[in-house]
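Chains as they are written, first to last, in the numbering used here: chain A, 1 to 252; chain B, 253 to 508.
Certain hints may be false.
[Unchecked claim] Derived DEER-like restraints, expressed as beta-carbon distance ranges:
| no. | chain 1 | residue 1 | chain 2 | residue 2 | range |
| --- | --- | --- | --- | --- | --- |
| 1 | B | Asp448 | A | Pro8 | 49 to 57 Å |
| 2 | B | Glu382 | A | Asn141 | 51 to 59 Å |
| 3 | B | Glu382 | A | Tyr16 | 33 to 41 Å |
| 4 | B | Pro332 | A | Thr66 | 34 to 42 Å |
No wet-lab data here; the hints were simulated from the structure. Fair warning: this is a prediction, and the values are worked out from it, not measured in the lab. Note that beta-carbon positions come from the ideal geometry of N, C-alpha and C, so glycine has one too.
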Amino acid sequence: MKKGILLPLAVLVVIYFLWDGAVLVSKSDIFPRPYQVFLGIVELVQHGLLLKYVVASLFRVSVGFTLAVLIGVPLGLLLGWFKPAFLAFNPIIQILRPISPIAWIPLAILWFKVDDRAPIFLIFLSSVFPIMVTAIAAVQNIQPVYVRAAQNFGVSQFDLFRRVIFPACLPQIITSLRIALGIAWLVVVAAEMIAVNSGLGYLIIDARNAGKRYDLVVAGMLLIGVIGLALDFLVRRLESFEEVKWGYSQRM
Amino acid sequence: MNKPVIAVTDLSLSFPGKKGSSPIEVLRSINLEVKRGEFVCIVGPSGCGKTTLLNIITGFLQQSKGEVLVQGAPVKGPDPRRVFVFQDNGVFPWLTVEQNIGFGLARHSREEQREIVHRYVQMVGLTGFEKAYPRELSGGMRQRVEIARALAPNPEIIYMDEPFGALDFITRLKMRADLTRIWQEEKKTILFVTHDIEESVQLADRVVVMSSRPGTIRKQVQIGLPRPRDLDSPEYLEARDEIFHTIGVSLKVGAT
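Just chain A, same shape as in the assembly:
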């Protein structure tokens, strides 16, 4: 257990000195030393910007991601179960899916101007496809014996969804939520660089444009990494619920 903390900590210390040393040796006056990044974070806190930008980014991700879950999961389950619906919609999904959310930025600005709706829309787009496609595949690969067993007890179509199809697909859906939230966090930064003027993505691009404040650029990057890690940790905890543990048994 001790090794689990000590080893990564040792690596961090080594990186710290390598980074610091590299900046000193190169005599760069633009690239920040680690302590300057730390001071940059302190400065952001003092100006009240840190909390404001983190909240702004998290707010956009929460709204866009929640919309993606609320629409992607039910729609995916239905498309997975009803074959004609799947045949009708699958081609358009497969065409839209590979389009990077970044490519939608011009349209998002056209439709929503420079306000919160643009990044929310982009985050929704980036999360809804992985969630929906996973839900479709999960239903299509459901063990037929579960469906038969349920039908045998005379359950209604609605109960079949609620009591069998949804719980049977839940482990895979939760995994897709993890992936989708990771993508959403990537996309919010990109969207904020262009479509709005607040948030961690905006912080990075603004720090660079407004005065080559690379200490703030790197500070923003580190914050994005740490918050991304925290988000992943939160979604991961969903995987330890008793109702879904069976779906991950090989890994435990």
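Chain A is already provided as a structure; the job is to place chain B on it using the hints.
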């Protein structure tokens, strides 16, 4: 009163063959009757169509020709009055033992549900495991959950498709004893498919022997032995050997 619960008359099933070749005949003129409360086993080599026959009787499959009457009416599909016990993994892994057993009880009040679940947990010997999830149970225990779940809504007929096929030898013997005891207590009609001749003779009132390609009923053997059955008694061995011979399996192993 003497009307059979299950009546299969002149039933056939064939699938269209590949282009140019003749259709594949899976089942040919099957006639079978099962009385109320009777325990009937269908045995035969793998590929003889015994599971297919069971799937037609349960309504999961449609026959090409002939008639299936269950409880006096043609079969239209799965029906909660007759429950199917699957070979393996039919238990829902996202529900606890008691939630699984209570799955078919949505029409009952909460009070009744609790009472029924409690009774069947006891009957299949899973007391103390009510809150356990299937992944925490052994294969034999899972299969007992499956059987309890099938029995709980009080169906009149139970269909079983090699329910003990995935279990080890000793667990299988114990499950057979348990099933016999439960059947004697509950007075259900059971139609049980297996490829295990010994199993059929240990369990059934009557063994239906099938042969393959196309699947037909070769012979029906009444097993009049009292229960609990003595697996060393000459009568048991005689019944067993009769079925072995019908299927055409030698009881000697090795070169002659």
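Okay, the hints, checked on the actual structure:
1. Asp448/B to Pro8/A: 49 to 57 Å: For Pro8/A against Asp448/B, whose Cβ atoms are near 56 Å apart, the range 49 to 57 Å holds.
2. Glu382/B to Asn141/A: 51 to 59 Å: 30 Å, violated
3. Glu382/B to Tyr16/A: 33 to 41 Å: Since the Cβ atoms of Glu382/B and Tyr16/A sit about 54 Å apart, the hinted range of 33 to 41 Å is violated.
4. Pro332/B to Thr66/A: 34 to 42 Å: 38 Å, holds
Hints 2, 3, counting from the list given before, are not met by this structure.
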